[in-house]
Amino acid sequence: NAGVTQTPKFRVLKTGQSMTLLCAQDMNHEYMYWYRQDPGMGLRLIHYSVGEGTTAKGEVPDGYNVSRLKKQNFLLGLESAAPSQTSVYFCASSYSLYQPQHFGDGTRLSIL
Amino acid sequence: EDKVVQSPLSLVVHEGDTVTLNCSYEVTNFRSLLWYKQEKKAPTFLFMLTSSGIEKKSGRLSSILDKKELFSILNITATQTGDSAVYLCAVARMEYGNKLVFGAGTILRVKS
Numbered sequence: 043n044a045g046v047t048q049t050p051k052f053r054v055l056k057t058g059q060s061m062t063l064l065c066a067q068d069m070n071h072e073y074m075y076w077y078r079q080d081p082g083m084g085l086r087l088i089h090y091s092v093g094e095g096t097t098a099k100g101e102v103p104d105g106y107n108v109s110r111l112k113k114q115n116f117l118l119g120l121e122s123a124a125p126s127q128t129s130v131y132f133c134a135s136s137y138s139l140y141q142p143q144h145f146g147d148g149t150r151l152s153i154l
Numbered sequence: 006e007d008k009v010v011q012s013p014l015s016l017v018v019h020e021g022d023t024v025t026l027n028c029s030y031e032v033t034n035f036r037s038l039l040w041y042k043q044e045k046k047a048p049t050f051l052f053m054l055t056s057s058g059i060e061k062k063s064g065r066l067s068s069i070l071d072k073k074e075l076f077s078i079l080n081i082t083a084t085q086t087g088d089s090a091v092y093l094c095a096v097a098r099m100e101y102g103n104k105l106v107f108g109a110g111t112i113l114r115v116k117s
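Line by line, the protein sequences give chains A and B.
In my numbering, each number is its position in the first sequence, counted from 1, plus 42.
In my numbering, each number is its position in the second sequence, counted from 1, plus 5.
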């Protein structure tokens with residue numbers, strides 16, 4: 043049982059480039075989330091999904107897009123990367139409203 | 006605006022010491038409070054608290070919630086070097102999506 047798997051683990055981009063981060067979970071969870079973690083600021087929610095085919099904005103959605111075409115996968119896209127998007131990105135999932143979220147190991151993204 | 010404040014920001018203790026980490030919150034439509042431990046990678050779930058005054062315990066870790074005074078504490082007794090981590094507090098609101106509001110975390114370092 044792999045839990046929540048994020049790929050890639052590290053990536054360096056140039057300003058203006060685009061990329062997609064993949065999150066996969068094998069726990070049949072309905073809810074999935076993308077967070078970013080910056081020093082001194084804790085985890086902030088970017089986008090989330092309450093089921094296959096649904097997405098919604100979180101606290102800091104600008105500059106990011108998401109898709110949930112399959113229940114087990116949640117993709118986070120950066121259309122035109124900016125240095126302010128340098129961060130560690132975490133994906134999480136939960137089975138229901140009453141269950142805790144479980145996190146992946148994170149993707150460290152640097153934008154030059 | 007919802008906020009979750011953790012204190013202290015960091016602390017250093019010696020093995021065998023007992024530590025108390027604090028989490029206060031101002032969040033509308035409170036559902037539950039969660040504690041996570043974050044070492045190098047993924048935050049790992051410790052406790053979820055929904056009711057005041059009921060202590061949750063796991064080994065040397067325990068936690069309790071006070072919904073009247075809007076805070077929670079996480080206690081660690083007989084600390085070990087393996088307890089060194091960032092401890093995150095998060096609050097879930099009763100709303101669409103089961104979103105979490107995180108505090109900035111407390112960095113704990115246990116010296117041998």
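Everything labelled a hint here was simulated from the structure, so no lab data went into it.
Please note: incorrect hints may appear among the correct ones.
[Said to hold, decoys possible] Calculated lysine to aspartate or glutamate pairs in the DMTMM-like style (CA-CA distance at most 20 Å, straight line):
#, chain 1, residue 1, chain 2, residue 2
1, B, Lys46, A, Asp104
2, B, Lys72, B, Glu100
3, B, Lys42, B, Glu74
4, B, Lys46, A, Glu121
5, B, Lys104, A, Asp80
6, B, Lys8, B, Glu60
7, B, Lys8, A, Glu101
8, B, Lys62, B, Glu100
9, A, Lys99, B, Asp22
10, B, Lys61, A, Glu94
11, B, Lys45, A, Asp104
12, B, Lys73, B, Asp88
13, B, Lys61, B, Asp88
14, B, Lys116, B, Glu74
15, B, Lys104, B, Asp7
16, B, Lys42, A, Glu72
17, B, Lys104, A, Glu121
18, B, Lys104, B, Asp88
19, A, Lys99, B, Glu20
20, B, Lys8, A, Asp68
21, A, Lys99, B, Glu6
22, B, Lys46, B, Asp88
23, B, Lys104, A, Glu72
24, B, Lys73, B, Asp22
25, A, Lys112, A, Asp80
26, A, Lys113, A, Asp80
27, A, Lys51, A, Glu72
28, B, Lys8, A, Glu94
29, A, Lys99, A, Asp68
30, A, Lys51, B, Glu100
31, A, Lys51, A, Glu121
32, A, Lys112, A, Glu101
33, B, Lys45, A, Glu101
34, B, Lys42, A, Glu121
35, B, Lys116, B, Glu6
[Said to hold, decoys possible] Counterexamples of contact, computed for chain B against chain A with all Cβ distances above 10 Å:
#, residue
36, Val17
37, Val32
38, Tyr41
39, Thr49
We put the CB at the ideal spot given by N, CA and C, even for glycine.
Against the structure, the hints:
1. B:Lys46 to A:Asp104: Violated: Lys46 of chain B and Asp104 of chain A sit about 25 Å apart, past 20 Å.
2. B:Lys72 to B:Glu100: Holds, at roughly 18 Å.
3. B:Lys42 to B:Glu74: violated (24 Å)
4. B:Lys46 to A:Glu121: violated (26 Å)
5. B:Lys104 to A:Asp80: Roughly 18 Å separates the two Cα atoms, so the pair holds.
6. B:Lys8 to B:Glu60: violated (23 Å)
7. B:Lys8 to A:Glu101: With Cα atoms ~13 Å apart, Lys8 of chain B and Glu101 of chain A stay inside 20 Å; holds.
8. B:Lys62 to B:Glu100: Answer violated: Lys62 of chain B to Glu100 of chain B is near 28 Å, above 20 Å.
9. A:Lys99 to B:Asp22: Not satisfied, since the Cα-Cα distance of roughly 43 Å exceeds 20 Å.
10. B:Lys61 to A:Glu94: Violated: Lys61 of chain B and Glu94 of chain A sit about 34 Å apart, past 20 Å.
11. B:Lys45 to A:Asp104: violated (27 Å)
12. B:Lys73 to B:Asp88: Violated, at about 30 Å.
13. B:Lys61 to B:Asp88: holds (18 Å)
14. B:Lys116 to B:Glu74: violated (33 Å)
15. B:Lys104 to B:Asp7: At roughly 12 Å apart (the allowed maximum being 20 Å), Asp7 of chain B and Lys104 of chain B satisfy the hint.
16. B:Lys42 to A:Glu72: Judged against 20 Å, a Cα distance of about 23 Å means the pair is violated.
17. B:Lys104 to A:Glu121: violated (24 Å)
18. B:Lys104 to B:Asp88: violated (27 Å)
19. A:Lys99 to B:Glu20: Violated, at about 43 Å.
20. B:Lys8 to A:Asp68: Distance ~32 Å between Lys8 of chain B and Asp68 of chain A Cα, so the pair is violated.
21. A:Lys99 to B:Glu6: Distance ~17 Å between Lys99 of chain A and Glu6 of chain B Cα, so the pair holds.
22. B:Lys46 to B:Asp88: The given pair, whose Cα atoms are some 14 Å apart, holds under the 20 Å limit.
23. B:Lys104 to A:Glu72: holds (13 Å)
24. B:Lys73 to B:Asp22: Not OK: Lys73 of chain B and Asp22 of chain B at ~29 Å, beyond 20 Å, violated.
25. A:Lys112 to A:Asp80: violated (29 Å)
26. A:Lys113 to A:Asp80: Violated: Lys113 of chain A and Asp80 of chain A sit about 28 Å apart, past 20 Å.
27. A:Lys51 to A:Glu72: violated (24 Å)
28. B:Lys8 to A:Glu94: Outside the cut-off at roughly 30 Å; violated.
29. A:Lys99 to A:Asp68: Since the Cα atoms of Lys99 of chain A and Asp68 of chain A sit roughly 24 Å apart, the hinted pair is violated (cutoff 20 Å).
30. A:Lys51 to B:Glu100: Violated: Lys51 of chain A and Glu100 of chain B sit about 32 Å apart, past 20 Å.
31. A:Lys51 to A:Glu121: Holds - the C-alpha atoms of Glu121 of chain A and Lys51 of chain A are around 19 Å apart, at most 20 Å.
32. A:Lys112 to A:Glu101: The given pair, whose Cα atoms are some 24 Å apart, is violated under the 20 Å limit.
33. B:Lys45 to A:Glu101: violated (24 Å)
34. B:Lys42 to A:Glu121: violated (32 Å)
35. B:Lys116 to B:Glu6: Since the Cα atoms of Lys116 of chain B and Glu6 of chain B sit roughly 37 Å apart, the hinted pair is violated (cutoff 20 Å).
36. Val17: Holds, because the least Cβ-Cβ distance between Val17 of chain B and chain A comes to about 18 Å, which exceeds 10 Å.
37. Val32: holds (13 Å)
38. Tyr41: For Tyr41 of chain B, whose nearest Cβ neighbour in chain A is about 8 Å away, the distance does not exceed 10 Å, so it is violated.
39. Thr49: violated (8 Å)
Consistency note: the structure conflicts with the earlier hints numbered 1, 3, 4, 6, 8, 9, 10, 11, 12, 14, 16, 17, 18, 19, 20, 24, 25, 26, 27, 28, 29, 30, 32, 33, 34, 35, 38 and 39.
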